Amino acid sequence: MNRHQPTVSIVVPVYNTARYLDECMHSLLAQTLTDMEIILVDDGSTDRSPSMCDAYAAAHPNVKVIHKANQGLGMARNSGLEAATGRFVAFVDSDDFVSPSTYSTAVRLMERKNLDLVKFTCNRFTDTGDKEPESHDGEPVIYSTPEDIRLLTLCIFDAPRTMERYDIGGSSCMALYRMDLIDRGNIRFKSEREYISEDYLFNLDCYGHASRIGYLPHTLYHYRVTPDSLTQRIDRDSIRRDEAFSRHVAHELISRGYGPESRNYALGYYISRLRTRMKRLFLTSLPMAEKRRWFLQQTSGSYLRDECADYPASGLPLKQRICLYAMRSRNFTLTYALIVGFTRLRHNKFK
85 MNRHQPTVSI
95 VVPVYNTARY
105 LDECMHSLLA
115 QTLTDMEIIL
125 VDDGSTDRSP
135 SMCDAYAAAH
145 PNVKVIHKAN
155 QGLGMARNSG
165 LEAATGRFVA
175 FVDSDDFVSP
185 STYSTAVRLM
195 ERKNLDLVKF
205 TCNRFTDTGD
215 KEPESHDGEP
225 VIYSTPEDIR
235 LLTLCIFDAP
245 RTMERYDIGG
255 SSCMALYRMD
265 LIDRGNIRFK
275 SEREYISEDY
285 LFNLDCYGHA
295 SRIGYLPHTL
305 YHYRVTPDSL
315 TQRIDRDSIR
325 RDEAFSRHVA
335 HELISRGYGP
345 ESRNYALGYY
355 ISRLRTRMKR
365 LFLTSLPMAE
375 KRRWFLQQTS
385 GSYLRDECAD
395 YPASGLPLKQ
405 RICLYAMRSR
415 NFTLTYALIV
425 GFTRLRHNKF
435 K
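Its first residue numbered 85, the sequence shown is counted upward by one per residue in our numbering.
By construction, these hints were calculated from the structure, which means they are not laboratory data.
Small disclaimer: the values here were computed from a predicted structure and weren't measured.
Any given hint might turn out to be false.
What the hints assert, rightly or not - Using 27 Å as the maximum straight-line C-alpha spacing, the simulated DSSO-like pairs for lysine-lysine come out as follows:
1. Lys274 <-> Lys152
2. Lys363 <-> Lys403
3. Lys375 <-> Lys363
4. Lys375 <-> Lys403
5. Lys363 <-> Lys197
Claimed, not checked - With beta-carbon atoms standing in for the labels, derived distance ranges:
6. Ser384 <-> Thr360: 14 to 24 Å
7. Pro396 <-> Arg87: 47 to 57 Å
8. Ile226 <-> Pro371: 46 to 56 Å
9. Pro401 <-> Arg340: 25 to 35 Å
10. Asp106 <-> Thr212: 16 to 26 Å
11. Ala141 <-> Glu248: 28 to 38 Å
12. Arg340 <-> Asn146: 32 to 42 Å
13. Arg245 <-> Arg414: 24 to 34 Å
Even for Gly, the Cβ is constructed at its ideal location relative to N, Cα and C.
All chains should be built: construct the whole structure from the sequences, respecting the hints.
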């Protein structure tokens, strides 16, 4: 007897998120699209998450659980992909939630426009902040020419102001994918322990096999900013992974025939990440001497000094151009003043 194939498989990696798992699961079980399976991947959790996953599976026949040793988010998603049986697949992080009509809306557009994948938008919230309602503003945009796909691919990593139309985000959570697209390309996530932003690399591969991509400017996904998301610890390894990511992306784009100038999109992403990491560190309560020491360590490598030397900084806003110059010349005082000063000005403006 043939088993029924669900319309959507939703893969939910779970790692020590017992505090948030109920809200996530309630949002999935309340979807207006009912023909779907939910695959909970317990990635070696040490809190109550494993027993909560088992309880959901016992109570709901469309919920599956995979228990595995901890290998990180990307590998957990891969385990879910291996078990997925739906025509479409989505990814939801277990501390986030989705609006009730998320997947019925996405599937309807996918089928009506014969899309390989569709992206939508999110809002970010904290435990103490307001949660925005579902939004349905704006008409869908369909990208279907080879040039469209090329520009979408480049703008995963860096989107100049002149190409904002192609900046639809790199997250795999704000999206729905055809399973046969993933199967056709044998596409899987890379480990975030090797590369930062494994979502972006996953979408790089998906775009490489897609011919029709949709963007729905509706707020359907709700991303929780947790204390872990804003960690204040000095993560020296993250800079190494940023560099490895940038090198990998530049190689992939050039090898796919996007031309040598495509490496600038990888470099732009690297520069942006470096700026963000400095901002997070500079705004901590660490002693100034420690901040300076960290800054000098992170700007001592050849990648920032040599590889970024030819980056077309003229396309950046003035503040970012000066900041790039300050980082490359290892000028801590100027970099700190720019990043902290503008952050505080912006914060005071919106008080």
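We went through each hint and held it up to the structure:
For the hint linking Lys274 to Lys152, the alpha-carbon distance of about 17 Å falls within 27 Å, and the restraint holds. For the hint linking Lys363 to Lys403, the alpha-carbon distance of about 14 Å falls within 27 Å, and the restraint holds. For the hint linking Lys375 to Lys363, the alpha-carbon distance of about 11 Å falls within 27 Å, and the restraint holds. The straight-line distance between the Cα atoms of Lys375 and Lys403 is roughly 21 Å, inside the 27 Å bound, and the hint therefore holds.
For the hint pairing Lys363 with Lys197, the CA-to-CA distance comes to about 42 Å; that exceeds 27 Å, so the pair is violated. For Ser384 paired with Thr360, a C-beta distance near 19 Å keeps the hint of 14 to 24 Å intact. With their beta carbons about 54 Å apart, Pro396 and Arg87 fall inside the hinted range of 47 to 57 Å. Between Ile226 and Pro371 the Cβ separation comes to about 53 Å, which falls inside the hinted range of 46 to 56 Å.
Between Pro401 and Arg340 the Cβ separation comes to about 29 Å, which falls inside the hinted range of 25 to 35 Å. Checked against the given bound of 16 to 26 Å, the beta carbons of Asp106 and Thr212, roughly 18 Å apart, stay inside it. Remark: the range hint 28 to 38 Å for Ala141 to Glu248 is contradicted by a beta-carbon distance near 43 Å. Under the hint 32 to 42 Å, the C-beta atoms of Arg340 and Asn146, about 38 Å apart, fit the expected range.
The beta-carbon spacing between Arg245 and Arg414, approximately 28 Å, falls within the hinted interval of 24 to 34 Å.
Hints 5, 11 from the earlier list are contradicted by this structure; the remaining hints agree with it.
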